[in-house]
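Take 1 as the starting number for the sequence shown in our numbering and just add one per residue.
In short, the hints are calculated from the structure, not lab data.
Because the structure is a prediction, the values reported are computed rather than measured.
A virtual CB, placed ideally from N, CA and C, is assigned to each residue, including glycine.
Among the clues, some could well be false.
Derived SDA-like pairs (lysine to any residue); straight-line CA-CA distance at most 25 Å [unchecked claim]: (1) K86 to H110; (2) K86 to A109; (3) K86 to D26; (4) K86 to V20; (5) K86 to C106; (6) K86 to S47; (7) K86 to S54; (8) K86 to E72; (9) K86 to A131; (10) K86 to R142; (11) K86 to A145; (12) K86 to R60; (13) K86 to S144; (14) K86 to Q141; (15) K86 to T121; (16) K86 to Q48; (17) K86 to E52; (18) K86 to R50; (19) K86 to Q97; (20) K86 to R102; (21) K86 to G139; (22) K86 to A42; (23) K86 to E25; (24) K86 to D125; (25) K86 to A130; (26) K86 to Q143; (27) K86 to T21; (28) K86 to N128; (29) K86 to S19; (30) K86 to E44; (31) K86 to A66.
Derived DEER-like restraints, expressed as beta-carbon distance ranges [said to hold, decoys possible]: (32) H110 to S77: 17 to 23 Å; (33) A79 to S127: 34 to 40 Å; (34) G139 to Q97: 18 to 24 Å; (35) A145 to R50: 26 to 32 Å.
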Amino acid sequence: SRACELLAVDQLRDVALLSVTELLEDVLSTSMDLPKLPQPSALEKLSQWRDERSEILIWRIDSIPAGLCVVEASMTSNAVSSIELKYVGVASRFRQQQIASRLIRCMAAHYLERNCSVAMTVTADQSNIAAVRLYESLGFQRQSAHEVWMKKTSVAVG
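Whole structure, please, built from the sequences with the hints as guidance.
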């Protein structure tokens, strides 16, 4: 069975937190997002998303978390003013099954049910061809491209 479940990050408890953490560890270990940069741990990412009051959409197959999508909705006057798709990831064993596109469509349907018809934005590394193709196939249009500047150092920059 396949199911879509939307949760606020701070709603994750016990078993749900453990299964999402395991899913996220798998996704981050094979991520194409800025592959040259060090990746944070799953718990660090969850903590960051909790601080940002993000929502997580989890796609389950036979009760096993197979993919996740993280969304931050900005509010103005008690209404959603913009939606940022912050992260999409699919467990390595579930890739090539269109789970990422299903997650994004499910997330969009969730906001449409809440009468939100605002622009949705996403940021992707240009070198992540799979992500760029996914977003383009779902109707996203490139607005700008950015370069990432990196300096390797052992001294804290402040």
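Here's how the hints hold up against the structure:
1. Only pairs whose Cα atoms come within 25 Å are accepted, and K86 paired with H110 is accepted, the gap being roughly 16 Å.
2. With a CA separation close to 17 Å, the supplied pair K86 and A109 stays within the 25 Å bound.
3. For the hint linking K86 to D26, the alpha-carbon distance of about 18 Å falls within 25 Å, and the restraint holds.
4. Between the alpha carbons of K86 and V20 the distance comes to roughly 16 Å, so the proposed pair stays at or under 25 Å and holds.
5. Restraint check for K86 and C106: satisfied, since their Cα atoms lie roughly 15 Å apart, inside the 25 Å limit.
6. Taking the CA atoms of K86 and S47, the gap is near 14 Å; set against the 25 Å cutoff, the hint holds.
7. For the hint linking K86 to S54, the alpha-carbon distance of about 9 Å falls within 25 Å, and the restraint holds.
8. Straight-line distance between C-alpha atoms of K86 and E72 comes to about 7 Å, which keeps the hinted pair within the 25 Å bound.
9. For the hint pairing K86 with A131, the CA-to-CA distance comes to about 12 Å; that is within 25 Å, so the pair holds.
10. Annotation: proposed proximity of K86 to R142 holds, straight-line Cα distance about 16 Å (limit 25 Å).
11. Our distance criterion of 25 Å between C-alpha atoms is met by K86 and A145, whose separation comes to about 17 Å.
12. Only pairs whose Cα atoms come within 25 Å are accepted, and K86 paired with R60 is accepted, the gap being roughly 19 Å.
13. Pair hint K86 plus S144 holds up; C-alpha atoms about 17 Å apart against a cutoff of 25 Å.
14. For the suggested pair K86 and Q141, the alpha carbons sit about 16 Å apart, so the restraint of at most 25 Å is met.
15. Taking the CA atoms of K86 and T121, the gap is about 9 Å. The hint holds against a cut of 25 Å.
16. Between K86 and Q48, the direct Cα distance comes to roughly 11 Å. Compliance with the 25 Å bound is thereby established for this hinted pair.
17. In summary, the hint linking K86 to E52 is supported, as the alpha carbons are separated by about 11 Å, within the 25 Å threshold.
18. A distance of roughly 13 Å separates the Cα atoms of K86 and R50; the hinted pair therefore holds under the 25 Å criterion.
19. Between K86 and Q97, the direct Cα distance comes to roughly 21 Å. Compliance with the 25 Å bound is thereby established for this hinted pair.
20. The straight-line distance between the Cα atoms of K86 and R102 is roughly 16 Å, inside the 25 Å bound, and the hint therefore holds.
21. Taken as a hint, the K86 and G139 pair is honoured in the structure, with Cα atoms around 17 Å apart against an allowance of 25 Å.
22. Of the supplied pair hints, the one linking K86 and A42 holds, its CA atoms being roughly 15 Å apart against a limit of 25 Å.
23. Note on K86 and E25: the hinted pairing holds, with a Cα-Cα distance of about 17 Å set against a maximum of 25 Å.
24. Between the alpha carbons of K86 and D125 the distance comes to roughly 12 Å, so the proposed pair stays at or under 25 Å and holds.
25. Restraint check for K86 and A130: satisfied, since their Cα atoms lie roughly 16 Å apart, inside the 25 Å limit.
26. For a cut-off of 25 Å, the pair hint linking K86 to Q143 stands: about 16 Å separates their Cα positions.
27. Straight-line distance between C-alpha atoms of K86 and T21 comes to about 17 Å, which keeps the hinted pair within the 25 Å bound.
28. Proposed proximity of K86 and N128 is supported: the alpha carbons are some 15 Å apart, at most 25 Å.
29. With a C-alpha separation of about 20 Å, the suggested pairing of K86 with S19 holds against the 25 Å cut-off.
30. For the suggested pair K86 and E44, the alpha carbons sit about 15 Å apart, so the restraint of at most 25 Å is met.
31. Distance check on the hinted pair: K86 and A66 sit about 18 Å apart at the alpha-carbon level, within 25 Å; holds.
32. Between H110 and S77 the beta carbon distance is about 21 Å. The supplied range of 17 to 23 Å therefore holds.
33. A beta carbon spacing of about 36 Å between A79 and S127 agrees with the range 34 to 40 Å that was offered as a hint.
34. Here the CB-CB span from G139 to Q97 is close to 21 Å, well matched to the stated 18 to 24 Å.
35. Look at A145 against R50: about 30 Å separates their beta carbons, and that is inside 26 to 32 Å.
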